[in-house]
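*Asks:* Now for the letters of each chain:
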Amino acid sequence: MYLIKLFFSLLLAFIFSALLTSFFILFQNTIWNLFWLKNQGFDISLFVLIQSLLHDLRGGLSPILIQWGIPINIYGVIFIALFFGYFLTAIIRLIIPVNSMFSFGLAGFASLYGIIFYTKMTFDEIVLISSAREITGLLILCLIGFFGGIFFNQLKVYFLKVITYEKNN
Amino acid sequence: MKKIIKYLLIFMISFSLSYSVNAKDKIYKLETLYEGLDMPWDIDFLPNGDFLITELTGKLKIYNPKLKTLVTVSNVPSVLSRSQGGLSDVELHPDFELNNLIYFSYSIKTREGNTLRVSRAKLYESTLIDIETIHSAKAFRKTSAHYGARLLFLDDNTLLISSGDGFNHREKAQKLDNHFGKILRINDDGSIPSDNPIFKDDKALKDIFTYGHRNQQGLTKDINGIIYSHEHGPKGGDELNIIYPGLNYGWPAITYGIDYNGSIISPFKKKKGMEQPIKYWTPSIALSDMTFYYSDLFPEWHGNLFISALSPGDVRRLVIRDNLVFSEEIMFKEINSRIRSIKSSKNGNLIILTDGRGKKNSGKIIKVSRNNS
Numbered sequence: 001m002y003l004i005k006l007f008f009s010l011l012l013a014f015i016f017s018a019l020l021t022s023f024f025i026l027f028q029n030t031i032w033n034l035f036w037l038k039n040q041g042f043d044i045s046l047f048v049l050i051q052s053l054l055h056d057l058r059g060g061l062s063p064i065l066i067q068w069g070i071p072i073n074i075y076g077v078i079f080i081a082l083f084f085g086y087f088l089t090a091i092i093r094l095i096i097p098v099n100s101m102f103s104f105g106l107a108g109f110a111s112l113y114g115i116i117f118y119t120k121m122t123f124d125e126i127v128l129i130s131s132a133r134e135i136t137g138l139l140i141l142c143l144i145g146f147f148g149g150i151f152f153n154q155l156k157v158y159f160l161k162v163i164t165y166e167k168n169n
Numbered sequence: 170m171k172k173i174i175k176y177l178l179i180f181m182i183s184f185s186l187s188y189s190v191n192a193k194d195k196i197y198k199l200e201t202l203y204e205g206l207d208m209p210w211d212i213d214f215l216p217n218g219d220f221l222i223t224e225l226t227g228k229l230k231i232y233n234p235k236l237k238t239l240v241t242v243s244n245v246p247s248v249l250s251r252s253q254g255g256l257s258d259v260e261l262h263p264d265f266e267l268n269n270l271i272y273f274s275y276s277i278k279t280r281e282g283n284t285l286r287v288s289r290a291k292l293y294e295s296t297l298i299d300i301e302t303i304h305s306a307k308a309f310r311k312t313s314a315h316y317g318a319r320l321l322f323l324d325d326n327t328l329l330i331s332s333g334d335g336f337n338h339r340e341k342a343q344k345l346d347n348h349f350g351k352i353l354r355i356n357d358d359g360s361i362p363s364d365n366p367i368f369k370d371d372k373a374l375k376d377i378f379t380y381g382h383r384n385q386q387g388l389t390k391d392i393n394g395i396i397y398s399h400e401h402g403p404k405g406g407d408e409l410n411i412i413y414p415g416l417n418y419g420w421p422a423i424t425y426g427i428d429y430n431g432s433i434i435s436p437f438k439k440k441k442g443m444e445q446p447i448k449y450w451t452p453s454i455a456l457s458d459m460t461f462y463y464s465d466l467f468p469e470w471h472g473n474l475f476i477s478a479l480s481p482g483d484v485r486r487l488v489i490r491d492n493l494v495f496s497e498e499i500m501f502k503e504i505n506s507r508i509r510s511i512k513s514s515k516n517g518n519l520i521i522l523t524d525g526r527g528k529k530n531s532g533k534i535i536k537v538s539r540n541n542s
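In the order they appear, the protein sequences are chains V and P.
My numbering puts the first residue of the first sequence at 1, with every later residue one more than the last.
My numbering puts the first residue of the second sequence at 170, with every later residue one more than the last.
Since the hints were made in silico from the structure, they are not lab data.
Every value quoted in this text rests on a predicted model; they were computed, and no experiment measured them.
Every residue, glycine too, gets a C-beta built ideally from N, C-alpha and C.
Hints are not guaranteed to be accurate.
[Said to hold, decoys possible] Straight-line Cα separation of at most 20 angstroms, EDC-like style, residue types lysine to aspartate or glutamate; simulated pairs:
(1) 120(V) with 281(P)
(2) 311(P) with 281(P)
(3) 536(P) with 194(P)
(4) 441(P) with 134(V)
(5) 344(P) with 134(V)
(6) 528(P) with 503(P)
(7) 528(P) with 43(V)
(8) 390(P) with 294(P)
(9) 536(P) with 444(P)
(10) 439(P) with 125(V)
(11) 344(P) with 465(P)
(12) 228(P) with 204(P)
(13) 404(P) with 43(V)
(14) 311(P) with 124(V)
(15) 307(P) with 43(V)
(16) 440(P) with 125(V)
(17) 515(P) with 194(P)
[Said to hold, decoys possible] Computed footprint of chain V on chain P, listed as stretches where at least three residues anywhere in the stretch have a Cβ under 8 angstroms from a Cβ of chain V:
(18) 302 to 316
(19) 368 to 379
(20) 422 to 432
[Claimed, not checked] Take a look, some chain V residues computed to stay more than 12 angstroms from chain P by CB distance:
(21) 42
(22) 44
(23) 57
(24) 65
(25) 90
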């Protein structure tokens, strides 16, 4: 029973943290594009910002690539990358006792870099997340992954506490 | 049961009648002249009626429509044939009969990155001689995407070159110190014409004719010399533009398309100082080439603009009046392939190239001629 609860706590932590990471990635992309437009002399009002962000959150649902015949959207790409990153980290941590918060942060960082690396390999150097085409943007994107990883770790701990609390009561 | 059979019979008869009427009504017929080209990209016509065809894989070929033979031209420079890059456009010099010069665009790999190059050479029988590079675009990239690569001779013998935005470098289309997302104008020897547009920016390159483009794969002019260009949008927003020197066509600051990941590239579609397309397509049809039709073989098409498209693969016949698109007809869907190029031959037939959906040696040359039956 405890293992099932542990599984669900990890699942919930993953879903929440991956969703938040996806949100910040899309947010960064929107801001990046709007910031460039502002430098080109466009008036970027709060309304334009919110409208663009909402559009991008919705737009992220449309397929970005087809892998093994399955259309995958940007959320799917981020979720898959983070899943592999965290899974690999969990296995490594069984062998090498590395600091949990730091290791999952690093996993998030590497996962997001992996997305860019993979899409560049697949699409002949094309970077599909436009904000990651420059080194600053890429670094911000990876840092979002880093904090996403830390958040996952914190949520994991939190949900485990909740489980323990429920168990004790 | 009888009723069902009755209605089924009526449906079948009316369907077959309408089909035969449609087939009879077609004023044109399609004929495959040749099958087996490897990613054909462009076609031009030699004075003797032969077709000069480029293949993206780096070969230049001459097709003789009378003998139905295909000859590979020798001495073609090596190209970077990868993804969207390779041997692209070919144009005969307006005085070809006097100087035998042909011009061709292609992608190459340099130390600084991949870029677009334009060379000219003399064509003697099936060999290129005196090959000379007349332009190398200042548009270096790691990708092999968005080269543009269309060529067009203007009436004053200057040459227009479309140079794409290199995909990852879209913002540079708004800067004038590079060749990303530009239409360039040079003399036939590669020098810069003295009457090219002058921009306020000191860093502006002297060969820039227009800017703010994405991936322009169609470049043509009408009988009055008005220049038309079309370009691929991202996800939606393919555009047809009329080209005037010195103007900014907006990409990526204004666009009718969105990014491939579903996000907004720009929430703006219009801005003062940035030109509007005379037509745009959303969803994208992946415009590939275009030609104006002025022959008497199809008088009903006189002055119409034929645009070929890769996705899903058809030709758009546009009726243009006073520089505005009056109507659009989707044609040649029955070809059922990605249509890479369309040109009007001297005898009035339309010649179409299909790229065989990327399958090796499955590109076709298709002739559209009058259906007299």
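*Asks:* Are there hints from earlier that the structure breaks, and if so, what are their numbers?
*Replies:* 4, 7, 8, 9, 10, 11, 13, 15, 16, 17, 19, 21, 22, 23, 24
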